[in-house]
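Peer 1: Take a look at the letters that make up each chain.
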Amino acid sequence: MYKKYSIAFGAALAVSVAGVSGGAMAKVEGDTIILGSALSLTGKYSTNGFHTQKGYDFAVDRINSMGGVKVGGKSYKLAITYYDDESTPSRASQLTERLIQQDGVEYMLGPYSTTMTKAVAPVTEKFKVPMVEAEGASRSLFTQGYRYMFAVLSTSEYYLAPVLDIMADKAKAMGKNPADLRISMAFENDGFSLDVRAGVVEKAKEYGMKIVIDDKLPADLSDMSATLTKTKALKPDILLVSGHSKGAATAARQIEEMKIDVPLIAYTHCEAAKVQEKFPKSAQGVMCPTQWLSNLPKKDDYFGDAAKWNADFKRAYPEYKVVPYQTAQASAAVLVFKDAFERANSFDRDKVRDALAATDMETFYGDIKFAPEGNNIAKPMFYRQIQADASYKPIITHEDMVYPRKASY
Amino acid sequence: MLDNLQLLFVFAPVMNVQMILDGIFIGAVFALAAYGLALVWGVMNVKNLAQGDFVIMGGYLAFSLFNMGVGPIAALPIVAAVMFGFGWICYLLIIKRVIDNDMFVSLLATFGLSLFLQQVMNLIYGPEVQTIDSKFPILTMFDSFVTVPMAKVVSLLLAAGFAAIIIIFMKKSRTGQAIRATAQDARAARVLGINTDRIYAFTFSLNAAICGVAGVLVSIIWVLQPFYGIVYSLRTFAIVTAAGLGNLPAVIGVSFALGWVEQYAGIIMGAEWQIAAAVMVLIGVLVWRQIQLRRQRQVVR
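Protein sequence lines correspond, in order, to chains A and B.
Under this note's numbering, the first residue of the first sequence is numbered 1, with each subsequent residue one higher.
Under this note's numbering, the first residue of the second sequence is numbered 1, with each subsequent residue one higher.
These aren't lab readings, by the way, just hints derived from the structure by calculation.
Warning: the hint list may mix true and false statements.
Claimed, not checked - Derived CB-CB ranges, DEER-like:
| no. | chain 1 | residue 1 | chain 2 | residue 2 | range |
| --- | --- | --- | --- | --- | --- |
| 1 | B | G126 | A | A307 | 42 to 48 angstroms |
| 2 | A | Y317 | B | G112 | 45 to 51 angstroms |
| 3 | B | R180 | A | Y317 | 54 to 60 angstroms |
| 4 | A | E319 | B | I168 | 49 to 55 angstroms |
| 5 | B | N16 | A | S140 | 51 to 57 angstroms |
| 6 | B | V120 | A | A358 | 45 to 51 angstroms |
| 7 | A | N189 | B | I73 | 34 to 40 angstroms |
| 8 | A | Q144 | B | M280 | 31 to 37 angstroms |
To be verified - Taking lysine to any residue pairs in the SDA-like style, the calculated list, with each CA pair at most 20 angstroms apart, reads:
| no. | chain 1 | residue 1 | chain 2 | residue 2 |
| --- | --- | --- | --- | --- |
| 9 | A | K216 | B | L5 |
| 10 | A | K259 | B | N16 |
| 11 | B | K171 | B | Q184 |
| 12 | A | K216 | B | M280 |
| 13 | A | K210 | B | N4 |
| 14 | A | K308 | A | P297 |
| 15 | A | K203 | A | D165 |
| 16 | A | K278 | B | N67 |
| 17 | A | K278 | B | M68 |
| 18 | A | K259 | B | I138 |
C-beta atoms are modelled at their ideal positions from N, C-alpha and C, and glycine is treated no differently.
Using the sequences and the hints, build the whole thing.
Peer 2: Put into structure tokens, the structure is as follows:
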């Protein structure tokens, strides 16, 4: 019943909008620009959903307090309408439709995770609503020909593949042939991790490295000892694992338990899974990819450099001891929108979309410049290695890296 | 797959030692949860779909106690007691009302309970994976090729000890006898003065306590996540279906066998088949039983 009404109402709204103003009516109430976002505030993605929300809110507050967005000589404030998508993709797309059709939102901020972004993007695309997303990294999001979606973060194929670049350089420096390196890897059977895997496979082929173990982990597997036992027997040079936080936690626990001594280990989501705090012995020497570094020497007019954003955010939200990169990139997404509004100097959706496509800016989160597919090509992925003193050391070239890793089992 | 077999039997046969040991360790945990299910199923004819969630709940209780400074071994009796009480409450609130209805009602009710528990644990502990570092040492054998974490040995001993207590309890104590009598014929038991309602409540609570203990062991050797319960439910169902009700040696035997099947499937076919193997065992057993029972099947006239 309710749904019927909402469809009828939405259709009526769409007709009236199209009839009266030719689709150029923007969701600007008085002096406030309203952005919309369906975020996972309950359910299994809720932790990161909140990280994202705080990143958005922090940026909105900062931009508003520094004069807001200037369009056509007038200053506008930003506001965000949130809905909770309950970590369910179908709910996320329903709510996005609601935001656009009923609430009249014309500019969207992305949800959390690749899965949710995949559910939301077809809707924003259908209604030609520009969306800047900060939390969906999967390569497959950018092969669909979406024109209205832009992502500030590096895509999934850069999560682990560049580790092979660093390792190949290391091998050359040690007088070895990179093609002799052998890789053992385990990836969760989901869209994101399989995209990470695709990047690794491609890179391994490029160097002629041999993949000796290539396991896929089911979503609810809490035991990867089979993969690790094989790894032990085959003695590869590199061990790669990707399976979100739970994959990292399971890997860290069992690598420690089975005293795996592969010279180079890398997995995604190290910080989120707190592997250093929980498994300090096996974590030593582990390489962790990250979207952002809190001491990155990049800056913008609103947040200063990365360190200043980090410090200011912690002051605004004292419950954070370490700020996850998910929050930083959410703030960056809002900044991108603000910049696009000002350059478009209009609230026309297509003009804003074109301005977004032409984005080329430096932020505390790194450089942002979108490929025609919508992914950010200006910012690299960063790597850090966990040190004996529990710190994370940024690894730029192979010389920074401790190899082979020294685990203190 | 062939190179995995080659690895297993030609290049590194010592791997088998690790596989067999791991199979025993995880089989012991399965055996506990499966015995609890067999008990409830056999005595009350309730198929508890929340079995795995009871296990995870026990694990989270141990996790909470661990954060308060109680070690996992000391936590074991506390968790068992708390889960026993929780089982009693579940019985009074839910199971009691569905026990006389047909099978589907109890399936639905326990499925609902399972969803409820998952969401409550998600709200309290969050969706992140949690672990307990029990600080047990790790033994190595065969030039550190085979590792045996003491945590797993300890959990195996605890499981064995707990199972022994339950067996003696079921055989010797008055309540144990009453449970067995109720399982055989509830009406006759009532006639002979056994309060079957109380026995049902006790059995369900005992099951929750057993699951709680299994959960403590899971927290020592694996990781916890609010939505992991289903995997344990699945395994216990596979085990009980294969072993039959009220047959403790078979439950233990099948649990170890399932532990090994999972380990070997993981090695030979890849980790993505590890849990699928448990389900395939279940299907295989059902097909086999179907064929086996064909001869005895008769048309009801």
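Peer 1: For each hint, tell me whether it holds in the structure or not.
Peer 2: Checked hints:
Between G126/B and A307/A the Cβ separation comes to about 28 angstroms, which falls outside the hinted range of 42 to 48 angstroms. At about 37 angstroms, the beta-carbon gap between Y317/A and G112/B misses the expected band of 45 to 51 angstroms. For R180/B and Y317/A, the Cβ-Cβ distance of about 59 angstroms falls inside the hinted range of 54 to 60 angstroms, so the restraint holds. E319/A and I168/B have their C-beta atoms about 50 angstroms apart, which keeps the hinted 49 to 55 angstroms range intact.
The hint said 51 to 57 angstroms for the Cβ distance between N16/B and S140/A, and at roughly 40 angstroms that hint is violated. Under the hint 45 to 51 angstroms, the C-beta atoms of V120/B and A358/A, about 49 angstroms apart, fit the expected range. Judged by the Cβ atoms, the range 34 to 40 angstroms given for N189/A and I73/B holds: they are separated by roughly 36 angstroms. Taken as a hint, the range 31 to 37 angstroms holds for the pair Q144/A and M280/B, whose Cβ atoms sit roughly 36 angstroms apart.
For a cut-off of 20 angstroms, the pair hint linking K216/A to L5/B stands: about 18 angstroms separates their Cα positions. Of the supplied pair hints, the one linking K259/A and N16/B holds, its CA atoms being roughly 17 angstroms apart against a limit of 20 angstroms. As the CA atoms of K171/B and Q184/B are separated by approximately 14 angstroms, the hinted pair is consistent with the 20 angstroms bound. Pair hint K216/A plus M280/B holds up; C-alpha atoms about 18 angstroms apart against a cutoff of 20 angstroms.
The suggested pairing of K210/A with N4/B holds, with an alpha-carbon distance near 16 angstroms, which does not exceed 20 angstroms. Distance hint between K308/A and P297/A is fulfilled; the C-alpha atoms sit about 10 angstroms from each other, no more than 20 angstroms. Of the supplied pair hints, the one linking K203/A and D165/A holds, its CA atoms being roughly 8 angstroms apart against a limit of 20 angstroms. A threshold of 20 angstroms between alpha carbons decides the hint, and for K278/A with N67/B the separation of about 13 angstroms falls inside it, so the pair holds.
This hinted pair checks out: K278/A and M68/B have alpha carbons roughly 16 angstroms apart, not beyond 20 angstroms. Distance check on the hinted pair: K259/A and I138/B sit about 9 angstroms apart at the alpha-carbon level, within 20 angstroms; holds.
In the structure shown, a violation is registered for the earlier hints numbered 1, 2 and 5, in ascending order.
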